[in-house]
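Trainee: This is what each chain is made of:
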Amino acid sequence: MSSIEGERIRKLVVACDAGMGSSVMLAGQLRRELRKLPVTVEHHPVAAIPPDADVVLCQAGLAERARAGAPGSVVVGFRMFLGDPAVARVVAAVKQGGVVVGTTGN
Amino acid sequence: MAELYAPAAQDTSVKARVQRFGGHLAGMVMPNIAAFIAWGLITALFFENGWLPNEKFAALIDPMSHVLLPVLIGYTGGRMVHGQRGAVVGAVATMGLVVGSDSPMFFGAMIVGPLAAYVLKLVDGLIAERVRPGFEMLVDNFSAGIVAGLAALAGVLAIGPVMRVFTTAAGDGVRFLVEHHLLPGAALLIEPAKVLFLNNAINHGVLGPLGIAESSDSGRSILFMLETNPGPGFGILLAYLLFGPRALRPSVPAAMAIQFLGGIHEIYFPYVLMKPSMVFAAISGGAAGILTFMVTGAGLVATPSPGSIFAYLAETPRGGYFGVLAGVVVAAGVSFVVGSLLLGFGRLARDEEGM
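Chains A and B supply the protein sequences, listed in that same order. Quick note on numbering: the UniProt record's numbering labels position 37 of the first sequence as 37, and the sequence is numbered without any gaps. Quick note on numbering: the UniProt record's numbering labels position 120 of the second sequence as 120, and the sequence is numbered without any gaps.
It is possible that some hints are incorrect.
Straight-line C-alpha distance at most 20 angstroms; calculated SDA-like pairs for lysine to any residue [stated by the list, open to error]: (1) B/K15 with A/A68; (2) B/K121 with B/G173; (3) A/K36 with A/A68; (4) A/K11 with A/V101; (5) B/K15 with A/R32; (6) A/K36 with A/G69; (7) B/K15 with B/L153; (8) B/K15 with A/G69; (9) B/K15 with A/T104; (10) B/K15 with A/A47; (11) A/K36 with A/E5; (12) B/K121 with A/A48; (13) B/K15 with A/T103.
Derived from the structure by calculation, the hints contain no laboratory data.
Using the sequences provided together with the hints, build the complete structure.
Mentor: Below is the structure:
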């Protein structure tokens, strides 16, 4: 999938290589930011993304694997683990509505 | 902001494929890291040269590294292929390698665990539609039991001996690099691969297993520190903090804490990827760190995971602090100096603002 409306996002998955390090960190931040909203935030290895994920966030270097493993999800690649605008856009779309567009290539 | 420095990292499917393969290797080890840490702490404490030498507790060391850890890897590898049934068969199959082996059979476990599970998956596929109602449990249990038993026998007879040759050869290869002072050159391979998110694959898939084999003999191994040294990443982040693009600087202190104290190295990879020449800072810092570890005879007892300075301190063997800390500090210093040079000591940042 290539895009999704912010208000339709129910499950947001943060993925990293092992699903134990950086994804846990970012998922914790997003969980705090999106508390009180009807969105679950989970972290998983990029090779084991649950099929019901609406949006997958992962570092751009892993995005190709995420897209291959989660064809039914909107995959958004970001660059920086702290303060990346791509992550902020997803958060804003969940909070205030708007379209989340998946990244292609890099 | 990130686009200032620009070139996008190349994303080829070769890279994705290598990542995926490495991810499988690391994926068999990383869920079991707690067991490795438990083993490392017991070794550091109760080993004959440890903090509190104790024969009774030290009796745990060998069975844990030779049996428990490989079996956990085989179990997890089997689970990746075929769920709980695959996991059980993978664990039993690994026993076939473990029996009668002098060194821990990690690589063997990474092969036979998934392989035995795959065989069971094929068998399950063949008989799935043919079982009469009421006989499912009988067939399921015995098909898995028979496959597991046969896999264990195959391990004893065939795969074990082959893997023992391979493990010995890999150990000899590492010893050759150490004895000929070539180990710092490993940084040429490790540091670039690391920032392409192959860090777990290299450390947990390759270096960790080799290191445990060494450390269960001698109580320490330098191999645990080749990829996990938090020094090079810290030096690069420090260079960015002082001389990087101004828009990036505010986020760097948090990244430094997460990297150095929390051990999540991924956080500095983007800073290298956005200016690929920074990989030379990582390589030179990494090589300088390894050289320092070699000269001081430093080593850790188990894989520090995550690669935090706290994990380093917890897994340093008694009396080994100087070399370990020196290697971290030297690596950070060298990568900071080289990184600062590459960033033009802030000149690049000023030029951009002038535009």
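Trainee: If a hint holds in the structure, say so; if it doesn't, say that too.
Mentor: Verification of the hints:
1. B/K15 with A/A68: Holds: B/K15 and A/A68 sit about 13 angstroms apart, inside 20 angstroms.
2. B/K121 with B/G173: Not OK: B/K121 and B/G173 at ~36 angstroms, beyond 20 angstroms, violated.
3. A/K36 with A/A68: violated (32 angstroms)
4. A/K11 with A/V101: holds (15 angstroms)
5. B/K15 with A/R32: violated (33 angstroms)
6. A/K36 with A/G69: Between A/K36 and A/G69 the Cα gap is close to 29 angstroms, so the pair fails against 20 angstroms, i.e. violated.
7. B/K15 with B/L153: violated (37 angstroms)
8. B/K15 with A/G69: holds (15 angstroms)
9. B/K15 with A/T104: holds (16 angstroms)
10. B/K15 with A/A47: The given pair, whose Cα atoms are some 14 angstroms apart, holds under the 20 angstroms limit.
11. A/K36 with A/E5: OK: A/K36 and A/E5 at ~19 angstroms, within 20 angstroms.
12. B/K121 with A/A48: holds (19 angstroms)
13. B/K15 with A/T103: Since the Cα atoms of B/K15 and A/T103 sit roughly 18 angstroms apart, the hinted pair holds (cutoff 20 angstroms).
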